[in-house]
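Asker: Chain X is already provided as a structure; the job is to place chain H on it using the hints.
Chain by chain, the residues:
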Amino acid sequence: MKVFFEQYFDFNVMGEHFGEVFEAFLQNLLIFAVATVVALAWGLILALLRQSPGKKFLPIRFLTIAYIDVFRAIPLLIVILLISGGVPFLTFLPKSIRIPQWFGEPDPYWYGVTGLVLVYGAYTAEVYRAGIEAVAGGQMEAARSLGMSHFQAMRYVIVPQGVTKIPAPMLNELISLLKDTTLVSVIAFGESVLVSREILAERLNSSALILTAFFFLCITLPMARLVDYLIKRNQAKITRGAHIEVA
Amino acid sequence: MAEPMVQLKGVRKRFGSLEVLKGVDLEVGRGEVICILGPSGSGKSTLLRCVNLLAPPEEGEIFLEGRDICKGPGSGTGESSWNLDFVRQRVGMVFQQFNLFPHKTALENVTLAPQKVLGRSKAEAEEKGRALLERVGLGDRLGQYPETLSGGQQQRVAIARALAMEPHVMLFDEVTSALDPELVKEVLDTMRELAGEGMTMLVVTHEMGFAKEVGDQVVFMDGGVVVEQGDPRQVLDNPREERTQKFLGLVLER
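Order-wise, the sequence lines are chains X and H. Reading the first sequence from the start, the letters are residues 262 to 508 in my numbering. Reading the second sequence from the start, the letters are residues -3 to 250 in my numbering.
In case anyone wonders, no lab produced these hints; they're calculated from the structure. Computed from a predicted structure; not experimentally measured. Ideal placement from N, C-alpha and C gives every residue a C-beta, glycine not left out. Warning: the hint list may mix true and false statements.
[Stated by the list, open to error] Pairs of lysine-lysine, PhoX-like flavour, derived with a Cα cap of 25 Å: (1) H/Lys124 / H/Lys112; (2) H/Lys208 / H/Lys181; (3) X/Lys426 / H/Lys100; (4) H/Lys112 / X/Lys317; (5) X/Lys316 / H/Lys67; (6) H/Lys112 / H/Lys100; (7) H/Lys5 / H/Lys18; (8) X/Lys317 / H/Lys67; (9) H/Lys124 / H/Lys100; (10) H/Lys208 / H/Lys242; (11) H/Lys18 / H/Lys242; (12) H/Lys67 / H/Lys5.
[Claimed, not checked] Reference listing, derived: stretches of chain H covered by chain X, where coverage requires no fewer than 3 residues with Cβ under 8 Å from a Cβ of chain X: (13) 85 to 98; (14) 108 to 119.
Looking at chain X on its own, in the form it has when it is part of the complex (with noise of 0.2 Å):
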């Protein structure tokens, strides 16, 4: 028993690296932070172009279904490991693209904030989705027929709606992209899993990698609460909802 602890719970080992962990960590919640803004709004764009309207969009919806499609079925490892190890020999492309060094981050950063961005992006579309879909037809009618265009009923009806309805899922979500950015270590980038490897490799020892993962939970674990709150009050509100008092 002694063993197992000294090679998971190794205080000696966490207080020698808590800081160079802790760094990295940041490191994990800057990809999580950009990432997420990001493939929030993608995922609102892709939403948006697949519930487009009519013939004349066909073609866009049937470009956005494949996308969502294919990027949630395929694992972001390889799609992490296709964007670090393809776009920097794409000569066609400008160097600040192929090998990206925006805000002092290097490149793997941001291969791997593309990698959650372009995946995350198709997750979140299909909670936007939801959101929409939930809106009673009614409201688009009533937006249709005072003359806004569907463009117009999307932004000022639909999608205020759509959106109070989805926190919970959307969080979820998130949660995930937290916890996926610590796959951007197999390209070298230096986030918190990638410098627990490292201490492990040199001490033979996992206490790190336990402290890495109690970082996560720190966040998470919140998060996680916070979605069954908001589960919790939605639901309130719904039963609420049919007992309205006329004024």
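Answerer: Using the frame of chain X, we list chain H on its own:
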């Protein structure tokens, strides 16, 4: 009579294999109130949705102020944006389920489209919106959200919302059917006033009293066609057609 406000000629509408309208002819004069009756599934609501192109017909012609709205330049029968703008700026619609925007206040419901579609300034739209809500008796409810209003109040906001676009024709799709009985009158009163001011109205309704009192014409539909049409008293009190008699018998014996 001058050129009719709305004219339908041989209008057919299909949903998949189901033909809902099987050739409807109808003429609505300027300022006329036409009440459309008929059993459920007879195509009444679809007829209204054809007139504002929410459900464009497959065949036939619809003239709005003399213009064939089913034929856009080069687009054949069906939806074209050229016609949509023309139609939806002239035709307002009120729905059975109100369909107010729940995330907007009463005033915002009324001012949204004038700002976004007609390009009115916020102040301008609000001034007009206030006046309209005042007119439907809701001047003291401007800041309230739909869920805090009664059904009758919501429906009056919906009427004000449609009027804010300054339509020439108003479509009413069973607007009192989802209301508690005691709330029906306030909505009908609003419609009565509107009719008195000379608005052209197409009203799908089961309110026989309203049809008799306010309607200039009553149209009885069944099975996707107009079965009988004429003066309200004549159609409602002495229907010629057997199907009309049978329907009215069932409705009135309630």
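Asker: Each of the hints needs a verdict: does it hold here or not?
Answerer: Going down the list of hints, with the structure as the test:
{"no.": "1", "hint": "H/Lys124 / H/Lys112", "in the structure": "holds, 15 Å"}
{"no.": "2", "hint": "H/Lys208 / H/Lys181", "in the structure": "holds, 15 Å"}
{"no.": "3", "hint": "X/Lys426 / H/Lys100", "in the structure": "holds, 16 Å"}
{"no.": "4", "hint": "H/Lys112 / X/Lys317", "in the structure": "holds, 24 Å"}
{"no.": "5", "hint": "X/Lys316 / H/Lys67", "in the structure": "holds, 17 Å"}
{"no.": "6", "hint": "H/Lys112 / H/Lys100", "in the structure": "holds, 14 Å"}
{"no.": "7", "hint": "H/Lys5 / H/Lys18", "in the structure": "holds, 11 Å"}
{"no.": "8", "hint": "X/Lys317 / H/Lys67", "in the structure": "holds, 18 Å"}
{"no.": "9", "hint": "H/Lys124 / H/Lys100", "in the structure": "holds, 17 Å"}
{"no.": "10", "hint": "H/Lys208 / H/Lys242", "in the structure": "holds, 18 Å"}
{"no.": "11", "hint": "H/Lys18 / H/Lys242", "in the structure": "holds, 21 Å"}
{"no.": "12", "hint": "H/Lys67 / H/Lys5", "in the structure": "holds, 13 Å"}
{"no.": "13", "hint": "85 to 98", "in the structure": "holds (count 10)"}
{"no.": "14", "hint": "108 to 119", "in the structure": "holds (count 5)"}
The earlier numbered hints are all upheld by this structure, with none contradicted.
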